[in-house]
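**Student:** Sequence:
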Amino acid sequence: MAKAITGENARTVRRVSSISETGAPPDAGANGGSRLLSLDLTRGVAILGILAINISGFAGPSLGSLTPHVPAPVGLPDEAAWAFGFLFFEGKMRALFAMLFGAGIALQCEKMDARGREGDVLQVRRLAWLMLFGMAHYLLLWWGDILFVYACCGIAVLFVRRLPCAVLLGIAAGVIVTATAINLWTALPLAAAEEAVRLGTASLSQQQAVAARLDLYQANTLAQSALYHAGFLDIALAKLRGDPLWLFTVTAHAWSEVLPLMLLGVVLLRSGFFEGHWPVTTMRWLRIGATIAGLALTLAVLAWAWPRHFPPIAMAALLGYGLWPAHLLTALGYAALLVWTAPGLARTRIGKRLIAAGRLAFSNYIGTSLLMCALFYGWGLDLFGKARPLDQWAFVLVGWMVMLGWGEAWLIRYRRGPLELAWRSLVEQKRLKNRVPASA
Numbered sequence: 010m011a012k013a014i015t016g017e018n019a020r021t022v023r024r025v026s027s028i029s030e031t032g033a034p035p036d037a038g039a040n041g042g043s044r045l046l047s048l049d050l051t052r053g054v055a056i057l058g059i060l061a062i063n064i065s066g067f068a069g070p071s072l073g074s075l076t077p078h079v080p081a082p083v084g085l086p087d088e089a090a091w092a093f094g095f096l097f098f099e100g101k102m103r104a105l106f107a108m109l110f111g112a113g114i115a116l117q118c119e120k121m122d123a124r125g126r127e128g129d130v131l132q133v134r135r136l137a138w139l140m141l142f143g144m145a146h147y148l149l150l151w152w153g154d155i156l157f158v159y160a161c162c163g164i165a166v167l168f169v170r171r172l173p174c175a176v177l178l179g180i181a182a183g184v185i186v187t188a189t190a191i192n193l194w195t196a197l198p199l200a201a202a203e204e205a206v207r208l209g210t211a212s213l214s215q216q217q218a219v220a221a222r223l224d225l226y227q228a229n230t231l232a233q234s235a236l237y238h239a240g241f242l243d244i245a246l247a248k249l250r251g252d253p254l255w256l257f258t259v260t261a262h263a264w265s266e267v268l269p270l271m272l273l274g275v276v277l278l279r280s281g282f283f284e285g286h287w288p289v290t291t292m293r294w295l296r297i298g299a300t301i302a303g304l305a306l307t308l309a310v311l312a313w314a315w316p317r318h319f320p321p322i323a324m325a326a327l328l329g330y331g332l333w334p335a336h337l338l339t340a341l342g343y344a345a346l347l348v349w350t351a352p353g354l355a356r357t358r359i360g361k362r363l364i365a366a367g368r369l370a371f372s373n374y375i376g377t378s379l380l381m382c383a384l385f386y387g388w389g390l391d392l393f394g395k396a397r398p399l400d401q402w403a404f405v406l407v408g409w410m411v412m413l414g415w416g417e418a419w420l421i422r423y424r425r426g427p428l429e430l431a432w433r434s435l436v437e438q439k440r441l442k443n444r445v446p447a448s449a
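For the sequence shown, my numbering assigns the number 10 to the initial residue and increments by one for each residue that follows.
Keep in mind that the hints were calculated from the coordinates and are not lab data.
You may find that some hints are simply not true.
Below 25 Å or equal to it, Euclidean Cα-Cα: the simulated PhoX-like pairs (lysine-lysine) are [said to hold, decoys possible]: (1) Lys395 / Lys248; (2) Lys442 / Lys361; (3) Lys439 / Lys120; (4) Lys120 / Lys442.
Everything numeric in this text was worked out from a predicted model, so none of it was measured.
When you get a sec, could you build the whole thing from the sequences and use the hints?
**Tutor:** Next comes the structure, spelled out in structure tokens:
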């Protein structure tokens, strides 16, 4: 298998002409260039799906990402709405996006190298600017930025991207399995103590440990509720003064999941996965078997957590470390399904809109943060902490309509989205032309 994957590498790179700032192949315009539509389509689905999970963080407080019973207990409809997102979107969309990002780095480097340019040097410059965008995103808009994490992990990918695919898979597996074992070894005692408290069998030390963690959660919830009802400048300054190193903390926590997924994306690209070159039976197994297996694992966790009303300590361990096999399997299944449907779906109205959303993923990601912060923060409509899980789906639908609504019309006139243009111009150190020629 490793020999077959390696053999596909040059053929895949030759066939694809270029790739844009968001990891989408080429940015020549609405109708220009040879494109891997499956990459654009998958990225479009992923960027929409990420909002379905991030909405709990926007609506606040952040603990709502772990349990629907924050900031207040909720009933069955809200639990069901939260569980729906947990089953179909949580972790799966981030996994998709990380794989696509890794594939994009590899393809861009190969393209630049083929042109006689220093692919790695350009990527370092590109990722350095992405770090700065991530810092600005965190300070000015949302605490849940992923751009900084992706930039850091992307630099790590550059060091190993030329290794054989079998070695990349070995590194990815070694990192994620080792990190999961260490993290679960650390987290499980407190999660077990939480369950013992629920059953009334906890020792005094277990009760104290659980109470201390829940008090910390409560303190964070109250602090966020006070902060995000404030004005724009007050929120930005509070982040700068109170937690300026937050992005480094997130990176230290998330790299062991993000980096392996990016390396997997490199392997998928080299092997021709996104072009549909894998054996038919393998692709069928992935889109059916992997999807069902991943969702079944998630459903098993849901069956355990729902009767316990999603205990926050256990949910933190599951979402942070324990569910990556389910996330990975489902993401691979989703990707295989999208690759399979891409040729036909690209001819439909919804397919074209999803592809446009994928080509404009960077602008959509930051634009969604701006929209949601304007809805929930004190400098906007001040809805922070007021939207329950069922209500939050209405805001998700609004975000989806916006992302699907503007992209196709924009790409008729322009080669890149506004933030894609700014990013690419900074990397190239000159302002690039963006208007699509009238003849096109």
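**Student:** It remains to establish, for every hint, whether it holds in the given structure.
**Tutor:** A quick look at each hint next to the structure:
1. Lys395 / Lys248: Distance of about 22 Å is within 25 Å: holds.
2. Lys442 / Lys361: holds (24 Å)
3. Lys439 / Lys120: holds (20 Å)
4. Lys120 / Lys442: holds (20 Å)
Hint compliance for this structure: every hint is met.
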